[in-house]
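Undergrad: Heads up: the sequence lines are chains A and B, in that order. Letter 162 of the first sequence, counting from 1, is numbered 161 in numbering that gives the first Met the number 0, and no numbers are missing. Letter 1 of the second sequence, counting from 1, is numbered 0 in numbering that gives the first Met the number 0, and no numbers are missing.
Calculated from the structure, these hints are not laboratory results. Careful, some of the hints might be misleading.
[What the hints assert, rightly or not] Some, not all, of what chain B presents toward chain A, calculated at C-beta under 7 Å: (1) 19; (2) 45; (3) 49; (4) 58; (5) 59; (6) 60; (7) 61; (8) 70; (9) 85; (10) 109; (11) 112; (12) 163.
[Stated by the list, open to error] Have a look at the derived ranges for each label pair, beta carbon to beta carbon: (13) A:92 / B:91: 46 to 52 Å; (14) B:28 / A:128: 24 to 30 Å; (15) A:30 / B:91: 46 to 52 Å; (16) B:102 / A:11: 38 to 44 Å; (17) A:82 / B:111: 22 to 28 Å.
[Said to hold, decoys possible] To give an idea of the interface, some chain A residues facing chain B are shown, with a C-beta separation under 7 Å as derived from the structure: (18) 10; (19) 16; (20) 121; (21) 125; (22) 130.
Every residue gets a Cβ at the ideal spot worked out from N, C-alpha and C, and that includes glycine.
Number of protein chains: 2
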Amino acid sequence: MSASPDDLDAFRQAFRRHAAGVAIVTVQGPDGAPEAFTATSVASLSAVPPLATFNMARSASVWPAVATAGHAVVHMLGARNRALAERMAGPRESRFDGVAWRAGPGGAPVLAGATAWMGGRILERFEVHESALVVLRVDRGEIGEADAPLLYHERSYRAPGDVV
Amino acid sequence: MSASPDDLDAFRQAFRRHAAGVAIVTVQGPDGAPEAFTATSVASLSAVPPLATFNMARSASVWPAVATAGHAVVHMLGARNRALAERMAGPRESRFDGVAWRAGPGGAPVLAGATAWMGGRILERFEVHESALVVLRVDRGEIGEADAPLLYHERSYRAPGDVV
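Please work from the sequences and hints to get the whole structure.
TA: Below, the structure is given as C-alpha cells:
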C-alpha cells in the first residue's frame, strides 16, 4: 500500500488541476476551548437527511478535538473571509486571537462574518490510513451577508469568474 | 433522524454559498459497459498514500456499478469540458454517445480531453443513510492539456476569476 514517487506525482498534479470551495470547520475541544481548521474538502452527502462531509489528516493538530467532539460547525466562506481562511490554516495556538465567535451547536464555535454556517452532530468518523472522513448531520444553520464564494486553486485564493 | 423543512432550507442555502470543482467519475459496469457521472464532491483524503474521495446517492443510476466495481477513474475538468460535465449529469443511457474514451485501470473508462485523470482501486464504500462515501486508492494518472478548472456555483458553470 505504499505510494511510489510516480503515484504521488500523478496525484498531486491531478489535484493541482482541481479548484475547491473553502470552508472552516469548528468544534469545541475536550478542554472547552474553541478549535478550527480550514478545509477544502467540504461536500454535500445528501439533502434528506441533510448530511455534509469533510476530510482531514489524523495527524492534524485539531484531530484529537474532532475525534472526541459531539458536534461541529461548517462555515462557508466568501472572498471577504480570505484572511480568516489563512488564519485557521495557520498556527493552532493563535487561530482564535481577535476572532469574533459565539458558542453554537454543542458548544462548537460559530464564527462571525461567514456567508453561511451549518452545524449539528458528528454522525460518523471513518478512519482510512492516517486520515478520516467525517459526516455531519446538519440540524441548524444561518445565512450571512452574501459574497462571492472563496476558492482555492494552485495555492491562491480566488473568487469565481465568468460563466463558461 | 427525519429532516424538518427548516433543516433542509438551512442546508440548501448554505451549500448555495459554496463553490465546487467539477469532476467526472467513471467505472466499468457489471455488464462491461462504461458508466460515468458528474461529481462536485471530489476531494483529496491524503497524499501518502494517494487517496481521493467522492460522495454519491445510492439512488443514483450509476450506484449499482460503483457498488460492484473494483476500480474507478476521477477526471478533473477544465472550462473546455463544460458540455462533457452536462452530458455525464444527463440521461444515463446516452452519456457515452459520441464520447471518446479508452479502457483504463480495471476497465474503468478514461475519457479524452480532461485536464487530468487519476485512477485506481476502490478501497472503501461507506454507506450512510441513502448515500455513500467512496475512497479511491490512486495508482495511476495522467495530465492533459491545461485549462482553467471548471467550477459549479449557483447552478452555473464558471471558471475561477481574480485572486482575492
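Undergrad: May I ask you to test the interface hint for residue 163 of chain B with respect to chain A, counting a Cβ-Cβ separation under 7 Å as satisfied?
TA: holds (4 Å)
Undergrad: Would the stated hint for residue 121 of chain A survive a check requiring a Cβ distance to chain B of less than 7 Å?
TA: violated (12 Å)
Undergrad: Does 46 to 52 Å hold as the CB distance between residue 92 of chain A and residue 91 of chain B, or does it fail?
TA: Roughly 51 Å apart at Cβ, these two residues keep to the hinted range, so it holds.
Undergrad: Against chain A, with CB atoms and a cut of 7 Å, does the hint on residue 45 of chain B hold up?
TA: holds (4 Å)
Undergrad: Holds or violated: is there a CB of chain A closer than 7 Å to the CB of residue 112 of chain B?
TA: violated (13 Å)
Undergrad: Under 7 Å is the threshold here; is the Cβ of residue 60 of chain B close enough to any Cβ of chain A for the hint to stand?
TA: violated (16 Å)
Undergrad: Once the shortest beta carbon distance from residue 125 of chain A to chain B is found, is it less than 7 Å?
TA: holds (5 Å)
Undergrad: With chain A as the partner, please determine if residue 109 of chain B meets the hint condition of a C-beta pair closer than 7 Å.
TA: violated (12 Å)
Undergrad: Let's test the interface hint: is any C-beta of chain B closer than 7 Å to that of residue 16 of chain A?
TA: Because about 4 Å separates residue 16 of chain A from the closest Cβ in chain B, which is inside the 7 Å limit, the hint holds.
Undergrad: Identify whether the interface hint at residue 10 of chain A stands, where standing means a beta carbon of chain B within less than 7 Å of its own.
TA: holds (4 Å)
Undergrad: Go through the hint on residue 49 of chain B and say holds or violated, using the shortest Cβ distance to chain A against 7 Å.
TA: Nearest chain A Cβ about 4 Å off; hint holds.
Undergrad: Is it true that the C-beta distance of residue 82 of chain A to residue 111 of chain B lies inside 22 to 28 Å, as the hint says?
TA: violated (41 Å)
The structure does not agree with the numbered hints 4, 5, 6, 7, 8, 9, 10, 11, 16, 17 and 20 stated previously, though it agrees with the rest.
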